[in-house]
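Student: Using the hints, position chain B against chain L.
Number of protein chains: 2
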Amino acid sequence: MVAVMDAEQFRQLGHALVDWIAELRETMETLPVMSQVRPGEIRARLPVSPPEHGGGAGDLIARLEADVMPGITHWNHPSFFAYFPSNSSYASILGDLACAGLGVQGMSWQTSPAATEIEEVVVDWLRQMVGLSDAWTGVIQDTASTATLGALICARERTLGFAPKGLQQGDGALVVYASSDAHSSVDKATRLAGFGRAHLRTIATDARRALRVDALAAAIEHDLAAGLRPCAVVATSGTTNTTAFDPIDGIADLTERHGMWLHVDAAMAGTAMVVPECRTLWHGIERADSLVLNPHKWMGVGFDLSAYYCRDPQHLIRVMGTNPAFLRTAQDGQVSNFRDWQIPLGRRFRALKLWFVLLDEGVAAIRTRVRRDLENAQWLAGEIKAAPDWQVVAPVALQTVCVRHVPVDLVEPAISAKNLAIAHHINGMGHAYLTPSLLDGRQILRISIGAERTERVHVAALWGALRAAAATV
Amino acid sequence: MVAVMDAEQFRQLGHALVDWIAELRETMETLPVMSQVRPGEIRARLPVSPPEHGGGAGDLIARLEADVMPGITHWNHPSFFAYFPSNSSYASILGDLACAGLGVQGMSWQTSPAATEIEEVVVDWLRQMVGLSDAWTGVIQDTASTATLGALICARERTLGFAPKGLQQGDGALVVYASSDAHSSVDKATRLAGFGRAHLRTIATDARRALRVDALAAAIEHDLAAGLRPCAVVATSGTTNTTAFDPIDGIADLTERHGMWLHVDAAMAGTAMVVPECRTLWHGIERADSLVLNPHKWMGVGFDLSAYYCRDPQHLIRVMGTNPAFLRTAQDGQVSNFRDWQIPLGRRFRALKLWFVLLDEGVAAIRTRVRRDLENAQWLAGEIKAAPDWQVVAPVALQTVCVRHVPVDLVEPAISAKNLAIAHHINGMGHAYLTPSLLDGRQILRISIGAERTERVHVAALWGALRAAAATV
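Protein chains in written order, with the working numbering: chain L, 1 to 473; chain B, 474 to 946.
Isolated chain L (complex conformation) (with noise of 0.2 angstroms):
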């Protein structure tokens, strides 16, 4: 054979790669949120054509240092506020390294049983943090994005009875829900899954953002009198922008009423749903077909994690399941084969993770980190009401702050863009990073609290931040 690093050299470089993610983790503060580089600029860093020779192990760490760290926008920063949080605690980091040491590939229960089990285990035991009942099964996907994506197909399927013919079979065209403010992979999914952008109904909200459950009954209603089928509702805990939660009981309502599927996105709340109090927010929630949280968002828990939990697993396998005879194994039948519950076939042990977050914190402590996020927030936003010339433009149902700042002496658009500016310079100081982003066509600035490292002084920094950028730019 040929060398390549051999234990030793791992050990060695492995204990100072682990050395170096905790000096990063404990000097992260000093370094700049958001990456400062141009376009271009690391790319130009590395050579155009592979190392015909190897033997560059030994400078990893170097070529991490130069290479990557001037190109990274450390989502870890205790001054993290854009997107959603993604964080990843020591404890998943462990995860993650003994997921690729042990390099297993668990498509089937026999490919490796343990990585089956104990996510059957580690998903169950997240149900029950969350409140939900034992009428849910669950299974870890990549993304909210794919579990979505996951869920129309179903709900395409369970409409359809499975038709030979697919979507190509000529009834009346298949139709799906959703409000005005949920996340664009409800959008792409119902594209990729062949619906057809003609075919996806957007839902007027309320005034606090929430789907309005006459304006879904409508759009049902003048559907069916079209000839067409309404298949799918999807319903949001927790929108992107604002963090709105639409009412599932009342869409319950309608989807039991004319046989169609519920879907609830609560990529971002569903980490909430561990402190008992945050739960009458997806009331009805028992009454959807699926839904999807994120244990990788504000949970602690490296990307990428989803749980998608549903209520009838048999059906889901129908619509992911394969046999080929080269993947039939003498277990089956009396296993779950993972491989059939998702759209890839292969997949890593990701349930160590979670279950290494769990054995490491608890779930007291993470409860005690969402009521701590919760109440960043409030004090934020209690902050902002007061003050004059900003405003906070949406209710402040967990951990995200939509905020504006309304100048006396400025109208529209000046005063969108000036908050646009605020945000770029903001970034581009690097000791703080949030999201732009539009409400009703007008700029604000979009505030998510929940990294790990978070606590009310960088939360307080941030808000002088914001007051100086103001003042500046």
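If you're looking for bench data, these hints aren't it; they were derived computationally from the structure. Every residue, glycine too, gets a C-beta built ideally from N, C-alpha and C. Treat the hints with care, since some could be wrong.
To be clear about the criterion: a stretch of chain B counts as covered by chain L if any three or more of its residues have a C-beta under 8 angstroms from a C-beta of chain L, and this derived list gives those stretches [said to hold, decoys possible]: (1) 545 to 556; (2) 829 to 842.
Among chain L residues calculated to face chain B with C-beta under 8 angstroms, some are [said to hold, decoys possible]: (3) Met5; (4) Leu13; (5) His15; (6) Leu17; (7) Asn87; (8) Ser89; (9) Leu167; (10) Thr322.
Tutor: Okay, now just chain B, sitting in the frame of chain L:
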């Protein structure tokens, strides 16, 4: 904040886990390849509810030993001959560790420019390594199944011209074609993408188990005459069962004539193309619209890392792209936002592990390893052909050898039963792991050579075990 693992504990546990992985790899040969646990055995070891309180991190390695290891099937074992190899070299493990430690989410260029740009570089290196022209643009996906689904959706949208009604537009139905030996993921993708299983044509194969171009031409003409719309052909370079190669050039004559999409599934065989003498096997590849190859098979990169290449990335972006306000960044238009090149929104920094493997090994070493495996397969095939009562039942184009024990005193179905018993005996003993499969309805033994540490001695030992099992069962 509540107490969770701190940097010091992470260092200690991280070092210990690195050492544990090195020890596992060094002693793996003494372990059973296939896990010997019974269904439910691992699950029963874990509590039915999650820990309310944490502090269990100190036991992580003890938990791995007690609760996980008995349920592991060792894909990195030198006597792993099942499915296809999915190895992770030491360098790849370090890549995954760095990925977890950096903990970034690379959905957009801005959310970590290095994740995007290093991926652009290494995927282009890989393109050069397998001899593809620079007309191809690559992107990392999780698996070949997902990449093939994406390809068929791209094909569908090209044929439909992005019709607003999607597949529900009411014109002639779109049809997909693949050989009877194509991977189950083609059937699955056809169903998931909404074509309907009745619109997949399974084309007959020739004596070498390659798709018959004349049969494909006839099927296309038949569908055209019936008013249907031939949409896509999936050609396979290295089928799962026997590593047969479909004639891409002949297929491309038809897809070009009829304006169809040609997707090539080279999941396994792609790695072989680092060896120039293998490239005649996918002659015509430059005429395809898309292809997928898996560095997580045979190249030593840990699962999951599939490389999807296409000739028209703008079409891919139109199919997969979304542009909600909360995802817009200042660099849009100047950079690649890989969220728009794939089904999920979020993405890990997968490129790190491919980069690390190439820095450690270099292309020359990978070439040497591939040639070693090709030679081992030819050696085994030669031994088996020379043995009475044994047959090699398919051409050995690469590293997969399909064999069958055919004792003179038995007839079907007893021969099939005996071969299945041989497989279960060997897998159950734990000394080696191979895949029982079917060829033309008859049981065969499928031996896939290509684990990183599989040398001639392991292949010879398997051959001894096969003969011993045949004499025993």
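Student: If a hint holds in the structure, say so; if it doesn't, say that too.
Tutor: Tested hints:
1. Judged by the Cβ-Cβ criterion of 8 angstroms, the region 545 to 556 of chain B is covered by chain L as claimed, because 7 of its residues qualify and three suffice.
2. With 11 residues bearing a CB less than 8 angstroms from a CB of chain L, the region 829 to 842 of chain B meets the requirement of three and the coverage assertion stands.
3. Evaluation of the Met5 of chain L hint against chain B yields a held restraint, the C-beta minimum of about 4 angstroms falling below 8 angstroms.
4. Given hint, Leu13 of chain L at the interface with chain B, holds; its Cβ is 6 angstroms from that chain's nearest Cβ, closer than 8 angstroms.
5. For His15 of chain L, the shortest C-beta to C-beta distance to chain B is roughly 5 angstroms, which falls under 8 angstroms, so the interface hint holds.
6. The interface hint given for Leu17 of chain L holds, since its Cβ lies 6 angstroms from the closest Cβ of chain B, which is under the 8 angstroms cut-off.
7. Checking Asn87 of chain L against chain B: minimum C-beta separation of about 7 angstroms stays under 8 angstroms; hint holds.
8. With its C-beta approaching chain B no nearer than about 6 angstroms, Ser89 of chain L sits inside the 8 angstroms limit, and its interface hint holds.
9. Interface hint at Leu167 of chain L: satisfied, since its Cβ lies 4 angstroms from the closest Cβ of chain B, which is below the 8 angstroms cut-off.
10. Checking Thr322 of chain L against chain B: minimum C-beta separation of about 4 angstroms stays under 8 angstroms; hint holds.
Of the numbered hints given earlier, the model fails none.
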